[in-house]
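Colleague: Spelled out, the chains give:
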Amino acid sequence: MKARIIAVINQKGGVGKTTTSVNLTHALARMGNKITVIDFDPQSHLAVALGVVGKQQSGIDEVMLGQSLLQQQMLPVRDNLNLVVAGPRLQTLEQLNESGAHRGDLLQKALAQNLENQDFIFIDCPPSSGVLVANALFAADELLVPMTSDYLALQGLSHLMGTIKKYEMALNKKYRLRLVMSRYIPSRRISKQVLQTMNKYFPGQVLATPIRETAALAECPSFGKTIFEYRPGWRSAKDFELLAIDFLAGRVM
Amino acid sequence: MSKKDENSMIGYDPLAWLHETEVEKQTFEQQVNTADAWVELDDEPDIETGENGWVETENSDSDGWVLNTEPSAEIGGENKPATAQTQSIVLNSVQNIQIVSQLHAQLLMALASGNKIDIDASAVTQIDTATLQLLVVLKQTAASQKIEVSIDFPSESFIKSAKLLGLSEVLNVEQHTCGLF
Chain C
1 MKARIIAVIN
11 QKGGVGKTTT
21 SVNLTHALAR
31 MGNKITVIDF
41 DPQSHLAVAL
51 GVVGKQQSGI
61 DEVMLGQSLL
71 QQQMLPVRDN
81 LNLVVAGPRL
91 QTLEQLNESG
101 AHRGDLLQKA
111 LAQNLENQDF
121 IFIDCPPSSG
131 VLVANALFAA
141 DELLVPMTSD
151 YLALQGLSHL
161 MGTIKKYEMA
171 LNKKYRLRLV
181 MSRYIPSRRI
191 SKQVLQTMNK
201 YFPGQVLATP
211 IRETAALAEC
221 PSFGKTIFEY
231 RPGWRSAKDF
241 ELLAIDFLAG
251 RVM
Chain E
254 MSKKDENSMI
264 GYDPLAWLHE
274 TEVEKQTFEQ
284 QVNTADAWVE
294 LDDEPDIETG
304 ENGWVETENS
314 DSDGWVLNTE
324 PSAEIGGENK
334 PATAQTQSIV
344 LNSVQNIQIV
354 SQLHAQLLMA
364 LASGNKIDID
374 ASAVTQIDTA
384 TLQLLVVLKQ
394 TAASQKIEVS
404 IDFPSESFIK
414 SAKLLGLSEV
424 LNVEQHTCGL
434 F
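Respectively, the protein sequence lines represent chains C and E.
Quick note on numbering: the first sequence equals residues 1 to 253 in my numbering.
Quick note on numbering: the second sequence equals residues 254 to 434 in my numbering.
To be clear, the hints were calculated from the coordinates, so they are not data collected in a lab.
As the structure is a prediction and not an experimental result, all values here were calculated from the model.
Any given hint could turn out to be false.
[To be verified] Dumping the calculated BS3-like pairs for lysine-lysine here, alpha-carbon to alpha-carbon at most 27 Å:
1. LYS12(C) to LYS399(E)
2. LYS166(C) to LYS369(E)
3. LYS413(E) to LYS238(C)
4. LYS2(C) to LYS166(C)
5. LYS413(E) to LYS12(C)
6. LYS200(C) to LYS416(E)
7. LYS166(C) to LYS416(E)
8. LYS369(E) to LYS413(E)
9. LYS413(E) to LYS165(C)
10. LYS109(C) to LYS413(E)
11. LYS200(C) to LYS225(C)
12. LYS165(C) to LYS369(E)
13. LYS369(E) to LYS416(E)
14. LYS2(C) to LYS200(C)
15. LYS369(E) to LYS12(C)
16. LYS166(C) to LYS392(E)
17. LYS166(C) to LYS109(C)
18. LYS200(C) to LYS392(E)
19. LYS225(C) to LYS109(C)
20. LYS369(E) to LYS173(C)
21. LYS200(C) to LYS166(C)
22. LYS165(C) to LYS399(E)
23. LYS369(E) to LYS174(C)
Turn these sequences into a full structure, and let the hints guide you.
Modeller: Below you can see the structure in the form of structure tokens.
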């Protein structure tokens, strides 16, 4: 069966894209799903959060430039979980200008290779709306949008939806869209109202479990550990376990 | 824009356009269906082509004009469903001085009726300086009226021509999606 390709996307920074990518993919892998997660952010934060810090390690950059196959760049970082790092040349991909290199379909072509042994491919997108995000939108069939529970995140979501609708029209496809309430602070009134607003505009599309803001989630990347390794059994680990079930079962608010 | 609830901490609702777009899309589809039904009743409807790519029909609304939703080879481009907020224009494969006046008329209409104009340039295989000049003027005019203009998915030919004339920056055309449609 063809792997499902999911872009974890939001052009706003600090909304929890990488935290979601790291912990959701590990949760899914722990459940037995075969996962590949691509660090599509030149800052390489996903790799760092998973404990991979070799700066010169090639990755998706080489694959997109046609110099390597995706399978050759897969690093097994946990049971059932492969990582494809960003690679040092990913940053320069946005600036390349020679014919053919500056295109939006490079990732799509790279992922068209035989990946039948994988259940899910996650793309952890950068917080921007340039060529890399365009590549992710071309390649993905599903979008997972982490959102923080503040007003500016709503503003950012509005912008993102405009971009998504343009791509849907141009590519003649409809993305399966799911939103994740990330960094949720239940005690704040604004948080609840942002969540209500999300449910109003995206009924049946907000995954059922909000990921609550905790210190542990902020701390674990510095140890290269996921929440299941850093604080197993804590409430953030439980949140992500439930989120993984939501994701698989399509359980929404 | 949504009304503000006194207890709400969300003032201006940035997502309100999503609902507005849905409602307007439905209205548009209803208008198209009505027009289709009318065409079926009469094999040769008395349609007179007006300026700006509009057609006058016998069953037109009170101002006597409806948007021609059929793509026309003689008109600068095809109009996609538009909303009061966003006007969408699709450029033809060949955009040159011979049809620039028609595109001009379309753009004038779009300027008058929306606060955002999306121009799909994906199909362009030839574009001349007259058209590019018109688009530059559009950008300038729209900026002065606080209307956003976006040239989406420009083709390789579009990018190449704009670049050749040093207009790619002012037209804000990006290369990453070129040549894919």
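Colleague: Against this structure, judge whether each hint is valid.
Modeller: Against the structure, the hints:
{"no.": "1", "hint": "LYS12(C) to LYS399(E)", "verdict": "24 Å, holds"}
{"no.": "2", "hint": "LYS166(C) to LYS369(E)", "verdict": "13 Å, holds"}
{"no.": "3", "hint": "LYS413(E) to LYS238(C)", "verdict": "53 Å, violated"}
{"no.": "4", "hint": "LYS2(C) to LYS166(C)", "verdict": "26 Å, holds"}
{"no.": "5", "hint": "LYS413(E) to LYS12(C)", "verdict": "31 Å, violated"}
{"no.": "6", "hint": "LYS200(C) to LYS416(E)", "verdict": "43 Å, violated"}
{"no.": "7", "hint": "LYS166(C) to LYS416(E)", "verdict": "23 Å, holds"}
{"no.": "8", "hint": "LYS369(E) to LYS413(E)", "verdict": "25 Å, holds"}
{"no.": "9", "hint": "LYS413(E) to LYS165(C)", "verdict": "26 Å, holds"}
{"no.": "10", "hint": "LYS109(C) to LYS413(E)", "verdict": "24 Å, holds"}
{"no.": "11", "hint": "LYS200(C) to LYS225(C)", "verdict": "35 Å, violated"}
{"no.": "12", "hint": "LYS165(C) to LYS369(E)", "verdict": "14 Å, holds"}
{"no.": "13", "hint": "LYS369(E) to LYS416(E)", "verdict": "24 Å, holds"}
{"no.": "14", "hint": "LYS2(C) to LYS200(C)", "verdict": "33 Å, violated"}
{"no.": "15", "hint": "LYS369(E) to LYS12(C)", "verdict": "22 Å, holds"}
{"no.": "16", "hint": "LYS166(C) to LYS392(E)", "verdict": "19 Å, holds"}
{"no.": "17", "hint": "LYS166(C) to LYS109(C)", "verdict": "21 Å, holds"}
{"no.": "18", "hint": "LYS200(C) to LYS392(E)", "verdict": "35 Å, violated"}
{"no.": "19", "hint": "LYS225(C) to LYS109(C)", "verdict": "31 Å, violated"}
{"no.": "20", "hint": "LYS369(E) to LYS173(C)", "verdict": "23 Å, holds"}
{"no.": "21", "hint": "LYS200(C) to LYS166(C)", "verdict": "22 Å, holds"}
{"no.": "22", "hint": "LYS165(C) to LYS399(E)", "verdict": "22 Å, holds"}
{"no.": "23", "hint": "LYS369(E) to LYS174(C)", "verdict": "23 Å, holds"}
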